[in-house]
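The residues making up each chain are set out below.
Number of protein chains: 2
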Amino acid sequence: MKVFVTGGAGFVGSSLTDHLIANGHDVVVYDNFSTGREQFLERAAGSGRLTVVRGDVLDAGAVLRAMRGCDAVCHIAANADVRFGLLHPRRDLEQNTIATFNVLEAMRALDIRRLIFSSTGSIYGEPSVFPTPEDAPFPVQTSLYGASKLACEGMITAYCEGYGMRASIFRCVSILGERYTHGHVFDFVKSLRADPTRLRVLGDGRQRKSYLYIGDCAAAMLLALEKAPDDVNIFNLGADEYCEVTDSVRWITERLGVKPQVEYTGGARGWIGDSPFIFLDCSRLRRLGWRPALSIREGVERTVDYLTSHAWMLEART
Amino acid sequence: MKVFVTGGAGFVGSSLTDHLIANGHDVVVYDNFSTGREQFLERAAGSGRLTVVRGDVLDAGAVLRAMRGCDAVCHIAANADVRFGLLHPRRDLEQNTIATFNVLEAMRALDIRRLIFSSTGSIYGEPSVFPTPEDAPFPVQTSLYGASKLACEGMITAYCEGYGMRASIFRCVSILGERYTHGHVFDFVKSLRADPTRLRVLGDGRQRKSYLYIGDCAAAMLLALEKAPDDVNIFNLGADEYCEVTDSVRWITERLGVKPQVEYTGGARGWIGDSPFIFLDCSRLRRLGWRPALSIREGVERTVDYLTSHAWMLEART
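So the sequences go chain by chain: A and B. Counted from 1, the first sequence has number 297 at position 297 by this note's numbering; the numbering is strictly sequential. Counted from 1, the second sequence has number 193 at position 193 by this note's numbering; the numbering is strictly sequential.
Among these hints, one or two may not hold up.
Said to hold, decoys possible - Facing chain B, from chain A, some residues (calculated, C-beta under 7 Å): (1) 136; (2) 141; (3) 161; (4) 223.
As the list claims (entries may be wrong) - Sample of chain B residues facing chain A (criterion: CB under 7 Å; computed from the structure): (5) 46; (6) 50; (7) 135; (8) 144; (9) 154; (10) 231; (11) 271; (12) 277.
These are computed hints drawn from the structure, not numbers from a lab. Note that the Cβ used here is the ideal one computed from N, Cα and C, for glycine as well.
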């Protein structure tokens, strides 16, 4: 199958591209390389199964032209910056909501009916049920990022109902691992390389979070592309465990062999819209046969190792 | 208080404007008069408390200029056409999602913090719980209209969290009554005036729906503007009852004094995305002191009487 991957040069998209190619698919990567990197596609390029199109998802005509001839779409491109959403509210609307509309319209025009979409566990706001199932009580959005992904999910499912598409929507916890370009492990490793004697942590460190290794994320998306049973498939995607930020700090500093003085800025949330507890019920995806290979701790440690051995990534734009 | 009402020349907006003025507020109506009408504002214009600005909610600069000096916003303007959404998917994105973003951005720029928003019970898709409460299981969208209103709700609540706004969001059933410009009563009365011997009804007629009289809708919004207790207030807005389409057909034909042969097109839904059962739990709004004055039947009959005595409305664009 020929699969169109938006954001295919990015952290999640390029790993998914590798997995797709390893499973015999051809891939058209569509990426504006704003956070994507040529280097992330080197392995895929060697396969002879990769086409790269440089373009923006806001350019509806370019999306349509690049998508022609594909059999399925993995829409991974997004503004994934939760924390600074309030500084530029238009960004989530444009890069998430409107971009997803463009992708859906191109699919409709070309009669492409299979879609994988990367949504977020942030869509649950501050949930009342843990682990949070996909049919949790109707949540109230607390971040512009979550709100924009909610808007995308709504459009996608309405397109499935109205135009006969089939979609798998993944509500992901924070993903980490190789090619990881932003997030708390990135920030902590970068800070500790600059000054190993101290570390500033947003919030009181008691925030409970779940993380998932990128390989487990890509495997889940590939599985859904091939086996998701319904027209609308909504899957939580995360580990069956959570950790405190303090745990993560300990794993990172031990892995780096540093003993910084840790300063907490205080408060239950690291920033406005930060969810103090993320823990998703992923049994629906497990029933499809998926199992994560790495624990949260293993994922964090592998990310530290990757960043240590790819220190140039820490020096680039963050 | 000076209140900015988008869509203030329309069916719901003009009634809300009348209620606001009757309660001592000044109103700035902002409307592009695409479905709004000058006639609907005649009563308000006589009060000396009304300013009318002709403009489109997609013109962000014009919204900002017109909103300056207001204390609160009632964002009622919308593409309210659920049934034909699939014919022009861009319309819901633009006129609902992006328009609401423009309204929120203008409020943020002007530091206006109080918002009333007309959402929809369609946001519940095909719910599993009846009467459906505001915290029903996370719904799957079945219409582009519902999806766009969901997108609006998400943005609004994220703005409340992030920028200190206060909002009341109303998930409304179908509203009817004076100045009603579209919907099944409109369609049936128009059809029966043209040919009283037959009536074509979409679906099998067993769809269960709830309707609310416009006066009860406007009263609820006014109450929330003055008394809603939280930063984010989400209210179902409907009657504590439902009827079948067949009931409504009987009330309408009896009121008109006609005995048509009724033909049902069949199927549980009148169109793709039609919800076969809408019945909202409105106890949260009742706890604020709101009570509907009219039953569904009374609302339908009053609508029939209004359309009969304002037959020019039936002749205009539908």
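Hints, verified against the model:
For residue 136 of chain A, the suggested interface contact is upheld, since its CB lies about 5 Å from the closest CB of chain B, less than 7 Å. Taking 7 Å as the C-beta contact cut-off toward chain B, the hint placing residue 141 of chain A at the interface holds, the least distance being around 4 Å. Because the smallest distance between the Cβ of residue 161 of chain A and any Cβ of chain B comes to about 5 Å, under 7 Å, the interface hint for this residue holds. For residue 223 of chain A, the interface hint is violated, the least distance from its beta-carbon to any beta-carbon of chain B being 21 Å, above 7 Å.
Against a cut-off of 7 Å between C-beta atoms, the interface hint on residue 46 of chain B is violated, since the closest Cβ of chain A lies about 39 Å away. Hint status for residue 50 of chain B: violated, given a least beta-carbon distance of 31 Å to chain A, over 7 Å. Interface restraint check: residue 135 of chain B against chain A, minimum CB-CB distance 4 Å, threshold 7 Å, status holds. Restraint check, residue 144 of chain B versus chain A: the minimum CB separation of about 5 Å is within 7 Å; hint holds.
Among the interface hints, the one on residue 154 of chain B holds; its C-beta lies about 3 Å from the nearest C-beta in chain A, closer than the 7 Å criterion. With a cut of 7 Å, the hint placing residue 231 of chain B at the interface with chain A is violated, because the nearest CB-to-CB distance is about 10 Å. Taken as an interface hint, residue 271 of chain B does not check out: its beta carbon lies about 10 Å from the nearest beta carbon of chain A, beyond 7 Å. With a least beta-carbon distance of about 16 Å to chain A, the hint placing residue 277 of chain B at the interface is violated under the 7 Å criterion.
When held up to the earlier numbered hints, the structure conflicts with 4, 5, 6, 10, 11, 12 and fits the remainder.
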